[in-house]
Amino acid sequence: MKKISFIHLPFLLMISAMLLTGCAAPQQVEYIRIKRGPPPEIVAEGGEPKMIPAGFIKRRLRLGLPSAKNVVIHDRQYIYITEKWFHDVINWTEDFIAVQVPELNLHQKYPLAYDETFATLAGNIANISVAGRYNIQASVLIGLITAKHLKSWGAIPADGKKRVYLIGLTEKGGLVYDLHTRQSISFDEFPNFESITGVMF
Amino acid sequence: MKKTNPYSLMVTWRAVLFIVVILCSHKAAIGGEGDYLTLPMPQNFIPALQTDGTVQYTSGMDIEKQIRNVSPALKNFYYNNTITRFIIPEHVWLDHLLGAYDAFLSYIGVQGKADTWDCENYSGMLNAITTLRIWRAGFLDTRAAIGWLRVNAQHSWAGLPAELHALMFAVTSKGIFIIEPQNGQYCSLADYPNKKYIEEVYLF
Numbered sequence: 001m002k003k004i005s006f007i008h009l010p011f012l013l014m015i016s017a018m019l020l021t022g023c024a025a026p027q028q029v030e031y032i033r034i035k036r037g038p039p040p041e042i043v044a045e046g047g048e049p050k051m052i053p054a055g056f057i058k059r060r061l062r063l064g065l066p067s068a069k070n071v072v073i074h075d076r077q078y079i080y081i082t083e084k085w086f087h088d089v090i091n092w093t094e095d096f097i098a099v100q101v102p103e104l105n106l107h108q109k110y111p112l113a114y115d116e117t118f119a120t121l122a123g124n125i126a127n128i129s130v131a132g133r134y135n136i137q138a139s140v141l142i143g144l145i146t147a148k149h150l151k152s153w154g155a156i157p158a159d160g161k162k163r164v165y166l167i168g169l170t171e172k173g174g175l176v177y178d179l180h181t182r183q184s185i186s187f188d189e190f191p192n193f194e195s196i197t198g199v200m201f
Numbered sequence: 001m002k003k004t005n006p007y008s009l010m011v012t013w014r015a016v017l018f019i020v021v022i023l024c025s026h027k028a029a030i031g032g033e034g035d036y037l038t039l040p041m042p043q044n045f046i047p048a049l050q051t052d053g054t055v056q057y058t059s060g061m062d063i064e065k066q067i068r069n070v071s072p073a074l075k076n077f078y079y080n081n082t083i084t085r086f087i088i089p090e091h092v093w094l095d096h097l098l099g100a101y102d103a104f105l106s107y108i109g110v111q112g113k114a115d116t117w118d119c120e121n122y123s124g125m126l127n128a129i130t131t132l133r134i135w136r137a138g139f140l141d142t143r144a145a146i147g148w149l150r151v152n153a154q155h156s157w158a159g160l161p162a163e164l165h166a167l168m169f170a171v172t173s174k175g176i177f178i179i180e181p182q183n184g185q186y187c188s189l190a191d192y193p194n195k196k197y198i199e200e201v202y203l204f
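The listed protein sequences correspond, in order, to chains R and A.
For the first sequence, the numbering used here begins at 1 and goes up steadily by one.
For the second sequence, the numbering used here begins at 1 and goes up steadily by one.
Hints were generated in silico from the structure; no laboratory data involved.
Keep in mind that a hint or two might mislead.
Claimed, not checked - Here are the computed lysine-lysine pairs in the DSBU-like style, where the Cα-Cα straight-line distance is at most 35 Å:
#1 65(A) with 151(R)
#2 172(R) with 65(A)
#3 58(R) with 151(R)
Stated by the list, open to error - Restraint ranges, calculated between C-beta atoms of paired labels, are given here:
#4 64(A) with 66(R): 43 to 49 Å
#5 31(R) with 193(A): 33 to 39 Å
#6 182(R) with 111(A): 31 to 37 Å
#7 53(R) with 44(A): 39 to 45 Å
#8 91(R) with 76(A): 33 to 39 Å
#9 152(R) with 76(A): 33 to 39 Å
#10 76(A) with 135(R): 30 to 36 Å
#11 52(R) with 111(A): 22 to 28 Å
#12 34(R) with 161(A): 34 to 40 Å
Unchecked claim - Listed next, the stretches of chain A that the computed footprint assigns to chain R, with coverage defined by at least 3 CB atoms under 8 Å from CB atoms of chain R:
#13 59-69
#14 76-89
#15 122-129
Idealized CB from N, CA, C, for every residue including glycine.
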């Protein structure tokens, strides 16, 4: 067999590099450029992240929300985040969506299941940030509630329609946020608290 | 000892330098640039078409029926019943999606961790990214048929032991596919060895 001489080595290395970079960048990928989000701000208690077990939340929701047919809780433990960071995550998620689907901002169009997709994205973006910075086994609580609108809330009328809102767990407790009017209120003071039909996070 | 030719040494060093530059510039292309991130996303969504050229859709009920047909152990199937139709991608796009998602996860450097980043996070993020690509393609009245399921696995599959486990699934033009989020390996529902033991499905 013919030996490969030393002079061939650089070319072999170049070919290897091209193959390596080719493998690392799949052809099916498109890149989006977006501003970095602000670092996570979690709430501490006694020098440790403040957490709440899912079982406790579930019991409280089942007792406090007799009208809720579906209570779906995915994780076992949840952390508290600052209200400021909750709003930062919402703003960053809006940017993330706008970069990819600019026409939503241009025409103020909201696609089907916009709120649900937004909540999934926001919750996961928050968890990615936390996982990258802290070594904890708990999830950020950002999810959804569905409520029948029997009482008005700001500009949203009491029309009996079912609406979806974002919820978060912050240093001030549970927070309800409306993506369309950008208003927020504490979970306990939410006007349609008694007509919440579903909770998922 | 054999003497090294100084010319070939110089060429070798240049080649090494070339490799370093290539690798660094590639890293910069997929990585962060100061205050900005450059995130990998799947290429344009490719919808599956019917023979008359119209786009193919499925429903939550249809997906539930197909899974119930193969899994007597199925207890709960959760989905948002206000979404009446889920758009179906051409099967090849699943490879585009999973390739890009793998690049996305490698870039952000997130590792599987109970609660903080586990199966429903893998699945939820994949579902949301897919839905954004669907909207970007102009289909604003629908979303992706991607979710996750809990299975009491009796057979090892995709390098994972036979135990209670959560996996993802996606519907494409070729049917329902089960995906292992930890390594991107997938197979059709019909070929999935633990299909009889699927207990819960979340189409979120």
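Hint by hint, here is what the structure shows:
Restraint check for residue 65(A) and residue 151(R): the C-alpha separation of about 38 Å exceeds 35 Å, so the hint is violated. Taken as a hint, the residue 172(R) and residue 65(A) pair is broken in the structure, with Cα atoms around 43 Å apart against an allowance of 35 Å. Taking the CA atoms of residue 58(R) and residue 151(R), the gap is about 25 Å. The hint holds against a cut of 35 Å. The supplied range of 43 to 49 Å is broken by residue 64(A) and residue 66(R), whose beta-carbon atoms lie about 28 Å from each other.
Separated by about 37 Å at the C-beta atoms, residue 31(R) and residue 193(A) satisfy the suggested range of 33 to 39 Å. With their beta carbons about 34 Å apart, residue 182(R) and residue 111(A) fall inside the hinted range of 31 to 37 Å. Between residue 53(R) and residue 44(A), the C-beta spacing of about 43 Å keeps the proposed range 39 to 45 Å intact. A C-beta distance of roughly 35 Å is found between residue 91(R) and residue 76(A), which places it inside the suggested range of 33 to 39 Å.
Between residue 152(R) and residue 76(A) the C-beta distance comes to about 35 Å, which sits within the given range of 33 to 39 Å. Distance hint for residue 76(A) and residue 135(R): a CB-CB separation of about 32 Å, consistent with the stated range 30 to 36 Å. A beta carbon spacing of about 24 Å between residue 52(R) and residue 111(A) agrees with the range 22 to 28 Å that was offered as a hint. For the pair residue 34(R) and residue 161(A), the supplied restraint of 34 to 40 Å holds, since their beta-carbon distance comes to about 38 Å.
Counting residues of the segment 59-69 of chain A whose C-beta lies closer than 8 Å to any C-beta of chain R gives 0; at least three are required, and the coverage claim is violated. Under the rule that three or more residues need a Cβ within less than 8 Å of chain R, the assignment of the segment 76-89 of chain A holds, with 4 such residues. With a threshold of 8 Å between beta carbons, the proposed coverage of the segment 122-129 of chain A by chain R holds, since 4 of its residues qualify and at least three are required.
The structure fails to meet hints 1, 2, 4, 13 from the earlier list, while all remaining hints are met.
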